[in-house]
Every structure is written in C-alpha cells, then in structure tokens.
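Enquirer: The chain contents come next:
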Amino acid sequence: MSPFPLGILAASGGVEAVAAYDLLETTTLASDASSVSFNGLQAYTEYKHLQVRIQARSRRASGSSGDTLALRINNDTGNNYANHALRGDDFGGFRGLSFSVPNGDSIRLETVTADNAEANENYGSLIVDLLDSFENSKNKTVRSFGGRNAGISLIGLGSGFRNNTEPITSLEFFAISANTAAGSKFSLYGIKG
Amino acid sequence: MATQTYIPLATTTLTANTSTLTFQSIPQSYRDLVLIVSGQGSSDSSLTFRANGDTGANYSWMQMSGDGSSVSGGSRSPDNKDTEAIIGIIDGSAVGNAIVNFQDYSITIKFTNALGRGNDSNSGVRMSIGSYFNTGAITSIELRGNFGTGMILSLYGIEA
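Chains W and P, in that order, give the protein sequences.
Numbering-wise (this note's numbering), the first sequence opens with residue 1 and increments by one.
Numbering-wise (this note's numbering), the second sequence opens with residue 1 and increments by one.
The set of hints was computed from the structure by calculation and includes no laboratory data.
Source: prediction; values computed, not measured.
Ideal placement from N, C-alpha and C gives every residue a C-beta, glycine not left out.
Take these hints with a grain of salt, some might be off.
As the list claims (entries may be wrong) - Just the calculated beta-carbon pair ranges, DEER-fashion:
1) Ser25/P <-> Ala19/W: 23 to 33 angstroms
2) Gln28/P <-> Gly40/W: 27 to 37 angstroms
3) Asp67/P <-> Asp105/W: 28 to 38 angstroms
4) Gly78/W <-> Ser38/P: 38 to 48 angstroms
5) Ser137/W <-> Pro8/P: 30 to 40 angstroms
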C-alpha cells in the first residue's frame, strides 16, 4: 500500500465533541533528582481521572538493569498501599511472573532503565492512570503499564491501591534504589468525565 | 494552564488487504503518539513497526501474551536487535484492536519506546514494548502485518 501523508482525517458528524483530555503539567529533569512531585492538584477537580506519562531512567549503577519506580499519594509515607503486578521478562529466556506487595509504603509501578544497563539514551516507559482521583468516597486505585528494552527486557501491568478515600492533592514519583536521571520526563494529564 | 491534546492526526480505512502502510510527515509539535488499530486481519500476524524507513537491526522488543490456556512471550534483546519491533497482534479470524503509545518520539536525546497492547476475541491479549535504538526524531512510521480490508488505523498526537 502506498504511504499516506498525515491530514487524511475521516469525515465525521453528529454530536459536537468536547475536549476531554488535557495536558496539565510537565516536568523534565534538568539534573538528577531524588523524586518528582506534582502538588496542588486540588486545582484540577474539574477532571475525573488523571494520567501520568513517563519516560524515566534511574542512576542505579549496579545490581540490576532496572529500578522500580514508585508512587506516593498526598505525601503519605505510611504503610497504606498495596499493589499487584503481571510481568514478562527475558531473564534466561521468557518468564511470566506475578508479584504483590501488601502494606507497602508506596505503590510499586514498574521498572525503568537503570545506568547499569547500556546506552544513556535508553529510558523506560510508563503510563499511569489514577481513576476517580478527586472522589472522597473511594479508596484510590492506580493502574500502570510499562517496560523497558535494556539489559533484561521487561513488560508489565500493575495495579495499585491506597487505603484512603481523600481526594488526591499531590503525587510523588521516585526510583527506589537511586536518583532519577536528568532527561526523565513526567507529564500529567486530566481526563474529564 | 491546561492544554487540549490527544489531537487526531490521521485515520484511514483499508480498502484492500495489505502488509505495510506508512504514516509520513509526522509533525514534531507533539511528544507522544497514540496509534489505534481496529479490525480483522487477512491472516494471523504480529503488528510491528519501523521508524524513518530504517530497515537495519536497530529495534528491540519484549512481548507477553495470554490465550486463555497459557502464558507465552518472547523478546529480541538489545544485544540481539531485530529489523522491526513487535507492538501488537493481528488476528485473521476475529476482530481485534491494538493501542500503541510511542513515547518521546520527537525528542532527540532518547531512544523511542512504543508501549503496545493488543486485544482480540480469538487469540487473546498481548502486551509489548518495542524500542527504536536511534535518537533521531521519528518523522515516519511504517506499520507491518497482515492488515485486512476494513481495518481502521488512526494516529493521535499528545503534547507534553
């Protein structure tokens, strides 16, 4: 089939669409940092869900080609989180794995590329959805999808939980073994509902 | 200040079976791209991509699938790169879909990753990450697979 240039949009009609997916904030690290935070999120209560799109790398220099990216909500450092993960990697051939962390002090999202792996240009990718972010009657649930092709390659789905119904006012992302590397990007989006 | 994004860039409905199609002249004003593929293939295949017409061994991928009875998967590691990267699945006997997120495609300090999820009612579900080991901004994406008549492919841009 011949290539086609962009701009060939299908004709459509009917109900007038309302924009429902907005970029709210982006942080791209100019230097290494211990964490990346989004604060004052109560300003975004017109949205129903939040999404964070991440390209990140850890300064972990030994022990693994990856490092787990974790999330804390509303600066809560207590053991008020749980998560499950379904994961495939190529450690000695394909492996399918399942993990859980009950009563953790953060939500373990998925692993990103570490310095211990090869090229500096190699980052891990993650998409994190925080559902019903501003409801005050539901404990908060998070889903994540991410992976990397570095050292031991990995792809995974995660489910996270915070045992608290308060609306989300802040998010803190951090790699658990080392600083997050310069160039890492965290973009926050709001989804109306 | 919120910025409306997830902007439709192109969509096409296939009028014949084909094994390749290419999105060209992709604008650089976005940070991520989302590709949605929907429909039934002409036969079973993986959905793969190449960037910028690069046919060299510059791609790595990892995928995991479930078909209702077992889990399977595979990879081409960065030490054994491929000439294309798996990002989804196409089913020749059932309607399915794939949603693929190309992240930081326009950023020239990073390789581009494509997080893909494929779903269909016959052969199951697959998640994958395909990486293009080149820091050049992606201006074209060639999609490869056994695409069937009637399949719809749409591309969206996301600012950051």
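Enquirer: In this structure, is the beta-carbon distance linking Gly78/W and Ser38/P contained in 38 to 48 angstroms?
Expert: At roughly 43 angstroms between Cβ atoms, Ser38/P and Gly78/W fall inside 38 to 48 angstroms, so the hint holds.
Enquirer: Looking only at beta-carbon atoms, does the pair Ser25/P, Ala19/W fall within the given range of 23 to 33 angstroms?
Expert: Cβ of Ser25/P to Cβ of Ala19/W: about 25 angstroms, so the range 23 to 33 angstroms holds.
Enquirer: Is it true that the C-beta distance of Gln28/P to Gly40/W lies inside 27 to 37 angstroms, as the hint says?
Expert: holds, 31 angstroms
Enquirer: Mind checking the hinted window 28 to 38 angstroms against the Cβ distance between Asp67/P and Asp105/W?
Expert: holds, 37 angstroms
Enquirer: Determine whether the Cβ-Cβ distance between Ser137/W and Pro8/P falls within the hinted range of 30 to 40 angstroms.
Expert: About 35 angstroms separates the Cβ atoms of Ser137/W and Pro8/P, which means 30 to 40 angstroms holds.
In summary, the structure agrees with every hint in the numbered list given earlier.
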